[in-house]
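2 protein chains.
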Amino acid sequence: MLSRKANKDSHGQDSSYFEGWQEYEKNPYHPIQNPTGIIQMGLAENQLSFDLLEYWLRRNSNTMALLKKDGVSAFRELALFQDYHGLPALKDALVKFMTRMRGNKTKYTSDKLVLTAGATAANEILMFCLADPGHAFILPTPYYPGFDRDLKWRTGVEIVPMHCSSSNGFRITREALEEAYQLGQELNLNIKGVLVTNPSNPLGTTMTKTELIHLLDFAIDKNIHIVSDEIYSATVFDSSSPTTTPFISIMEVVKERNNNNLNNIRERVHMVYSLSKDLGVPGFRVGMIYSNNEMVVAAATKMSSFALVSSQTQFLLSNLLSDAKFTEKYMEENQRRLKRRKEMLVRGLRNAGIGCLRSNAGLFCWVDMRHLMRSDSFEAEKELWKRILCEVGLNISAGSSCHCSQPGWFRICFANISEDTLQLAMQRMKAFTNSIFSSANHIIYNM
Amino acid sequence: MLSRKANKDSHGQDSSYFEGWQEYEKNPYHPIQNPTGIIQMGLAENQLSFDLLEYWLRRNSNTMALLKKDGVSAFRELALFQDYHGLPALKDALVKFMTRMRGNKTKYTSDKLVLTAGATAANEILMFCLADPGHAFILPTPYYPGFDRDLKWRTGVEIVPMHCSSSNGFRITREALEEAYQLGQELNLNIKGVLVTNPSNPLGTTMTKTELIHLLDFAIDKNIHIVSDEIYSATVFDSSSPTTTPFISIMEVVKERNNNNLNNIRERVHMVYSLSKDLGVPGFRVGMIYSNNEMVVAAATKMSSFALVSSQTQFLLSNLLSDAKFTEKYMEENQRRLKRRKEMLVRGLRNAGIGCLRSNAGLFCWVDMRHLMRSDSFEAEKELWKRILCEVGLNISAGSSCHCSQPGWFRICFANISEDTLQLAMQRMKAFTNSIFSSANHIIYNM
Ligand SMILES: Cc1ncc(COP(=O)(O)O)c(C=O)c1O
Ligand SMILES: Cc1ncc(COP(=O)(O)O)c(C=O)c1O
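Heads up: the sequence lines are chains A and B, in that order. In terms of UniProt numbering, the first sequence has 323 at position 323, counting the first letter as 1, and numbering is strictly consecutive. In terms of UniProt numbering, the second sequence has 161 at position 161, counting the first letter as 1, and numbering is strictly consecutive.
Please note: incorrect hints may appear among the correct ones.
Copies of the same chain look alike in the list, so a pair counts if it fits in one copy or across any two.
[To be verified] For lysine-lysine, the following DSS-like pairs were computed, each having C-alpha atoms within a straight-line distance of at most 30 Å:
(1) K325 with K382
(2) K209 with K8
(3) K107 with K339
(4) K68 with K26
(5) K69 with K105
(6) K69 with K329
(7) K112 with K8
(8) K68 with K325
(9) K302 with K8
(10) K255 with K112
(11) K112 with K26
(12) K339 with K222
(13) K69 with K26
(14) K222 with K26
(15) K302 with K382
(16) K69 with K382
(17) K382 with K68
(18) K26 with K325
(19) K302 with K26
Just so you know, these hints were derived from the structure itself, not from any lab.
Sequences and hints are given; from them, build the entire structure.
Set out below in structure tokens:
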């Protein structure tokens with residue numbers, strides 16, 4: 001009696017990504033009440049800087065409580081405000097914030113911005129705008145597991161994976177792009193674009209200029225779209241050292257090429273953003289699409305009727321973000337804290353004999369545990385993941401849930417727990433690897 | 001380069017419904033700054049009781065500003081809260097509120113409720129769950145113009161209009177249902193259900209028990225779904241007089257039939273609700289689906305990821321709605337005010353020689369202006385509508401924009417303007433009809 005979509009499982013809830021979460025729910029770690037419980041390291045949440053937001057909230061409580069604007073109640077106005085063009089003050093604050101976060105190299109303007117209830121809705125709306133059912137987007141693997149639901153489920157769009165490998169640090173190459181395109185053609189799919197996440201979830205890395213140019217050239221050649229999900233753009237905590245790449249938005253690269261708007265590429269580049277990660281407020285559901293394409297902006301604006309941001313929340317965040325001094329400080333401090341945490345995780349893992357992909361952004365590390373597996377297979381990965389979940393008591397994400405094509409990689413989140421809990425997690429890992437390394441029958445085939 | 005959906009016009013923005021709104025934007029009435037401007041009577045907004053909400057907000061400002069729960073900050077918890085099951089406190093308050101609003105005749109439980117960003121998202125999600133592209137729903141006309149966008153655009157679902165007529169007060173009959181079903185079959189459409197709005201927008205009437213039973217029997221016979229959009233359920237301002245029908249929810253009728261759950265009808269009845277009208281807070285985007293069907297609840301919950309309600313707003317409204325004494329008073333007073341307004345509009349129109357369909361709910365009247373038209377046609381309706389917009393200076397909605405099959409009916413809203421403005425609008429109408437009635441060449445063919 002129900003629709004195929006309602007009956008279908010492509011929302012991804014049953015992947016191991018969710019399985020671990022369920023185990024955690026049954027036995028969650030607590031320092032006093034449940035010290036042997038499972039530690040949640042599978043959530044890409046940013047809990048490091050709530051004290052700063054709370055401080056701002058306390059200082060602005062009167063405005064926020066009574067929804068005051070210039071001293072008078074804005075309650076009526078806000079209660080009624082459901083214009084899908086969004087609160088001008090919020091859009092203005094957002095484009096300024098985005099411009100600042102991208103080093104003032106590209107100027108963002110609010111007429112190209114569409115507000116949506118989270119990046120989740122933004123990504124789906126873009127698919128509805130750019131592709132018809134049966135059309136496809138190329139996604140570099142490993143990718144955010146939520147995309148299987150967000151991009152495909154209700155839109156009928158297909159994902160063609162583009163396999164990245166550890167051999168070059170999971171970088172995007174022109175060859176891999178061509179291969180994916182080829183695969184799509186063999187499957188008789190009309191490839192409408194490439195969707196990337198920059199900085200990457202789950203890699204925690206920013207895309208290099210070279211990667212971005214490969215991507216752009218590819219999209220110019222094939223006459224297809226680029227969607228860049230830049231939800232982690234303000235988490236870049238390391239961009240100055242010579243070995244790390246600073247964050248470069250797709251919008252910056254396309255602007256450089258804009259003098260010769262080859263094959264109208266400018267109108268085929270779209271960005272997704274959200275405050276869920278950078279500000280740590282996923283509960284507030286503030287996301288957006290940014291596009292140079294007027295028709296996409298127009299269609300997405302109309303579609304945003306299905307995913308409008310609460311005007312109360314628009315009001316709160318327009319006040320907060322337009323406090324430029326506060327946001328500047330917040331971002332600086334937040335990045336400092338993220339960096340400290342990430343280094344703590346990397347050290348702890350190294351101490352347990354485990355390496356990570358070198359990263360400079362995000363709320364997680366991409367961790368190499370190939371040497372801890374019984375064999376080079378996804379079965380072994382799953383087995384190791386289950387042991388880490390049940391024996392070690394850590395809920396982390398297996399690479400396979402991110403469609404990684406090489407077994408043995410895991411995503412570990414570091415910003416959703418306390419430092420003490422992180423240290424405990426690392427002790428547990430060390431004890432675990434010690435027991436493995438000392439066990440005679442374990443074959444270390446890849447160290 | 002874009003999708004068919006992005007290129008398509010089925011979002012309905014270009015109907016006359018929106019045209020009038022644009023004219024209004026150019027020349028909006030203001031008592032001092034623009035006393036000859038257009039008066040907006042095309043918006044189904046409830047602005048009558050903001051003072052009560054503001055009063056509550058002032059008394060609870062400390063809790064709301066600092067997002068306090070039991071005296072401690074709930075900010076962190078809320079900032080992170082994006083569970084698509086919704087805030088238990090809000091769902092609990094909502095089901096109690098809904099139970100009370102429906103005279104405690106049916107008990108609503110929160111496990112059957114799915115929160116969505118407005119009824120707009122709720123209606124679309126239900127279509128995604130119940131129908132595949134190319135399937136159809138029957139809708140009694142006249143209906144809310146937004147449905148053309150909400151039900152059809154992204155889902156690919158079709159609407160089969162079921163024509164109601166003034167001859168029986170636009171009531172739903174078994175014959176009309178069968179006729180629509182027949183039409184669907186002739187068009188080779190797989191009819192998946194009937195969607196009704198009760199109380200009706202644009203009629204302002206509640207469905208009678210007889211209509212509800214016809215509807216239910218029809219759905220049992222044809223083995224199809226019923227969706228009841230009850231977004232105006234707490235606006236019912238007249239339910240006691242012998243000539244008016246009290247509001248009866250579809251859930252109540254189905255419960256009575258439940259002893260013999262004929263053809264599993266219980267699992268095919270779904271309700272949509274929202275706080276946009278009853279509480280007058282469309283900007284806050286709080287809607288919901290209520291269904292007896294576990295699979296629909298499960299699928300809709302997952303789909304609600306694309307349309308989650310801000311946790312900050314969930315918190316505000318859970319506090320407000322769980323104040324039972326306040327909501328009780330609010331609803332009583334709000335209904336009293338709506339009734340007063342409606343009577344003011346009916347009197348004003350009668351004074352101008354214009355009649356209305358007898359109504360007892362909603363934020364509008366369904367107005368009969370057939371006698372003011374040059375001919376019994378939609379061209380004449382459009383002509384009259386344009387004159388009222390441009391000469392009289394009132395933006396009202398033409399019946400054709402609600403897919404009414406009889407020309408000459410208009411929806412006039414009464415709760416989005418002040419009493420003074422309403423009186424002025426009626427004076428303008430009277431002057432207009434006077435000029436028509438006294439003009440020799442006007443043929444009054446239907447008085
Ligand atoms: C790459 C990416 N895109 C989108 C999302 C969804 O974000 P939002 O909370 O804004 O919907 C996430 C959340 O984990 C993500 O990692
Ligand atoms: C019958 C009906 N359904 C749904 C809606 C949309 O309501 P919401 O603001 O909750 O999305 C409206 C608004 O006018 C309506 O009249």
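How would you classify K69 and K105 at a CA-CA limit of 30 Å: within, between, both, or neither? Answer is neither; intra-copy 32 Å and inter-copy 43 Å both fail.
Using 30 Å as the alpha carbon limit, work out where K325 and K382 are close: within a copy, between copies, both or neither. This pair counts as neither: shortest intra-copy Cα distance 47 Å, inter-copy 54 Å.
Treating 30 Å as the Cα threshold, decide for K69 and K382: within, between, both or neither. The answer is neither: 54 Å in one copy and 41 Å across copies each exceed 30 Å.
Evaluate K302 and K8 at a C-alpha cut-off of 30 Å and name the case that applies: within, between, both or neither. For K302 and K8, the Cα distance is within 30 Å both inside one copy (27 Å) and across copies (11 Å).
Evaluate K69 and K329 at a C-alpha cut-off of 30 Å and name the case that applies: within, between, both or neither. both (24 Å within a copy, 28 Å between copies)
Give the relationship of K69 and K26 under a CA distance limit of 30 Å: within one copy only, between copies only, both, or neither. This pair counts as between: shortest inter-copy Cα distance 25 Å, intra-copy 45 Å.
Up to 30 Å CA-CA - K325 versus K68, copy category: Intra 21 Å, inter 26 Å, cutoff 30 Å: intra and inter.
Could you place K68 and K26 in one of the four classes (within, between, both, neither) given a Cα distance threshold of 30 Å? Cα proximity of K68 and K26: across copies only (28 Å, versus 43 Å in one copy).
K26 and K325: within-copy, between-copy, both or neither at 30 Å Cα: Answer is neither; intra-copy 43 Å and inter-copy 38 Å both fail.
For K382 and K68, with the copy left unspecified, which applies at a CA distance of at most 30 Å: within, between, both, or neither? neither (53 Å within a copy, 42 Å between copies)
30 Å Cα cut-off: does K112 pair with K8 within a copy, between copies, both or neither? between (35 Å within a copy, 20 Å between copies)
How would you label the pair K302, K26 (within, between, both, or neither) given a Cα cut-off of 30 Å? between (42 Å within a copy, 21 Å between copies)
Violated hints, in rising order: 1, 2, 5, 12, 14, 16, 17 and 18; the structure is consistent with all others.
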